[in-house]
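Note that the protein sequences, when read in sequence, are chains F and G. Those letters in the first sequence? Residues 1 to 734, by our numbering. Those letters in the second sequence? Residues 1001 to 1158, by our numbering.
Hints listed in this document are in silico derivations from the structure and should not be mistaken for laboratory results. Just so it is clear, the structure is predicted and the values come from calculations on it, not from any experiment. The reader is advised that the hints may include incorrect statements.
Said to hold, decoys possible - Facing chain G, from chain F, some residues (calculated, C-beta under 10 Å):
(1) D8
(2) F230
(3) M637
Said to hold, decoys possible - Using C-beta positions, here's what the derived DEER-type ranges look like:
(4) S218(F) x A1082(G): 39 to 47 Å
(5) G379(F) x A1082(G): 30 to 38 Å
(6) E1069(G) x G659(F): 21 to 29 Å
(7) A402(F) x A1082(G): 46 to 54 Å
(8) R42(F) x S1045(G): 55 to 63 Å
(9) G1018(G) x P673(F): 49 to 57 Å
(10) H1068(G) x D662(F): 28 to 36 Å
(11) P301(F) x S1023(G): 29 to 37 Å
(12) V1058(G) x E217(F): 52 to 60 Å
All C-beta atoms in this analysis are idealised placements derived from N, C-alpha and C, irrespective of residue type, glycine included.
Here is what each chain is made of, one letter per residue.
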Amino acid sequence: MSSSIRPDSRPKLEGSAVYGVDLEVPGMLWAALVPSPVAHGRVRSVDLAPARALEGVVAVGAADLERLLPGAHVDPDRPVFPSGTVVYRNQPVAAVAAPTLERARAAARAVRVEVDPLPAVADLEEVFPEWPGPCADGSPHLAAHVRARDGDIESVFRAAGTVVRETYRTSSVHQVAIEPHACLAEVTDGRWRVRTSTQTPFGTREDVASLLGVPEESVVVEGTWVGGGFGGKGAALLEPYALLLAKASGRPVKLALRYREEFLLGRTTLPSVIRMETAVTNGRIVGRRVRLLLDVGASLPGRDFATGYSIGFLLGPYRTPAFEVEGYAVRTNKPPFGPHRAPFAPQCAFVLESHLDHVAREVGVDPIAFRADHLWKEGDVTPLGQRVGPFGLPSAFEAARAVAARWRAEAGPDSGVGVAVGFWSTGTGAGGEARVRLSATGLAVVQGEREIGSGSVLAGLASVAARSSGLPRERVAVTYEDTAHAPFDSGVFGSRTTAALGRAVEEAVLALLKDLAKRLGSTGPVRLGVDAGEVVVEHGTARRPVRELMTEAERSGGGVVASGRHYGKAGTIDEGKVEAGTFYPYHDFTGTAHVAAVAVDRETGTVRVVRYAAFQDVGTVIDRPTASAQVEGGVVMGLGTALTEEALWSADGRLLNPGLLDYRIPTLGEVPPIDVTFVEGFAGSGPFGAKGLGEPPMIPVAAAVALAVREATGAHVTELPLSAERVARALKML
Amino acid sequence: MTDGPASVTVNGRPLPLGDVPASERLLDTVRWRLGLKGTKEGCRSGDCGACTVLADGVSVLSCLTLTHEMEGRALTTVEGLADDPMGRAVREAFERAGAVQCGYCTPGFVVALVGLLRERGTSASASELLDDLGGNLCRCTGYLAIRRAVALLPKEVP
């Protein structure tokens, strides 16, 4: 097997890989959730008797929690089932299980749910019609308020040569992993055990323990193959319900969502309204003011992370001497906001890039040069006072500019080329640990994550282990354990797996090599190699079979074991600039510059992306095939956000398009050729200087497409997505 | 069907239809009655192609098909392509092109592609094949590696 071939491709192609939805054990029950019929209301009663009257049905609701969880310390703000108020449509108010899925679904329908409706608020713009202004202060709709400033912004704006003010709107988009959420729960001997399709086994363990109010050590989570995550499988969703049903029934319980429920219950990106104001004097930005209203759905007050994190991406990666940013996380009657591949960054990049392009046009300077002139370089200081680390974005931008100039010269009528950048902090998360175990024939990496598709676990970690040990990748096997056995890791999210967990793997390998050097009596560095099918330790020109360095116990199966850990640190920000809420520092500064060439049908407004190029700051490429694949996949997902994807909500909190026919993701025939180029040499904190890669390629896509549409037609679209309808409307207004 | 009780064959094995409820979807029969879980449930409404199986060599969406509609037909799932030369050619092309990421849509693509090759012959052009694969959704790859896999298919499959 060539090392460029992913080890998981064979079982997946043969159909033998077991995903969450495929789990099945003898005697298991099937579960279904009982949804709230309204988006907002007071629960009068949830009568489970009609469901329980059906043969073999077990049902649990709020009234059963005390019996099932005696002495549990649950968080009163996060009840598993609401007993007071429901806050979004389809919020589970009870769960049922039965010997067949059909009967479980019938039982769920039989539950009598009585809810006194309260006025539902689903439209962000209805909440604060007077915004911006003090209207939001103290409102019960506020989940978070963040505010930061630097400089005398009022005077700067008064004195500026030109001030450009605009308002943008972005849409609600879903992750649309093709595999629905699914898990299988068993409760035996006081252990809450769940196998689940998750990006975060340890995060799910923590969530389940907190939601059920049981000790973390009593919860065991084992990941399955994950059929796509994109942020949507990063926290507990179904596991608490399945576990409660398993406890109540004494049987294993399987709970899987139907695809429609993926849309209805999924935690994802919600709409926003963003005001951008930029003051310019003599072609230089002298001040920026940003105001963000972000819909966070039914998120809990104080639990919003998105607003304080996102708002920074509406300022940077551009220098600005004076600024003021203010963001409100607004609660509405929709499911809670959740992460989706570079959460909210594609929307921020669309707004920031479109706005600065517009500002440049307003003041009569070249839009690309204007942005290039203000772009952060390594050593610059962010508005919030953090020093910019090694940063390949300026180089990526220059390369993108050159390609854009070439493509522009070749563009036909109604065609245009857009250049946009994205910035992201990668390698985040609390940290991670890994073990390695060397046998006479190869190296096993033991850790807690499952492969979610990107290749970051099976190709990324394996490549890191191979490169740091000297073994060919075919001799490295990445294995996983459940949370009771695996070393801790934060999860497969935040572009952190290869970059951050990979560092733990590297540390483990280095500890192993050190141990082997000691056994060899060597003072210099040793490497591993393969000779006649066996692992050998190499020291200079000397080679020694590793078998000869092992103890009897190690030889008979234990292997030589070493462990490594990596708890990365973010930089620091200047808290003196923060006036309200929490802002977050960055880890590795990672940039990406994209070029989109489009053709626009002026009659219908339909945008076709005909050509695409991406220049990705990556530090060091760890595994080229999977790295390129991440960029291609990220760009195409970004094209969906740019052009077609929009979850539509009615005023009373009903999702109007919960299916793949009406919520359109990109299809095979619509995808342009994509040139992928990596910008290396601006080292991140990952192994061999690598930076995270999963999220950034998604970030500048909508921006690049919007700027290309503007160049092609003059239409300045200030809302996402750039649907044919919106583009046609913008063209009419010219 | 003239003689004997109604049945279908799945990967060469007969499945009597007597015990299968009239309302059961082929997807559920294959996955839960026969345990052939390589056929994936995605949208369950005909939009994603993850559940594609072959009926007498032609692609059908098992989520939109009642099992009884298939009476007398020979069905093939991804597991049934294990020893199939065309199945092998498609799998090798996908593997070499790096067209597999999370893998959830993958069996649907493999089965659909084998169906197309049977229908149109292995000399069909890549663009012809790709036109007809448009009903299969993938969220990971951005489809480009899948296109490269199709371009890698040998012109002659034994």
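request  = Sort out which numbered hints this structure fails and list those numbers smallest first.
outcome  = Violated: hints 5, 8 and 11.
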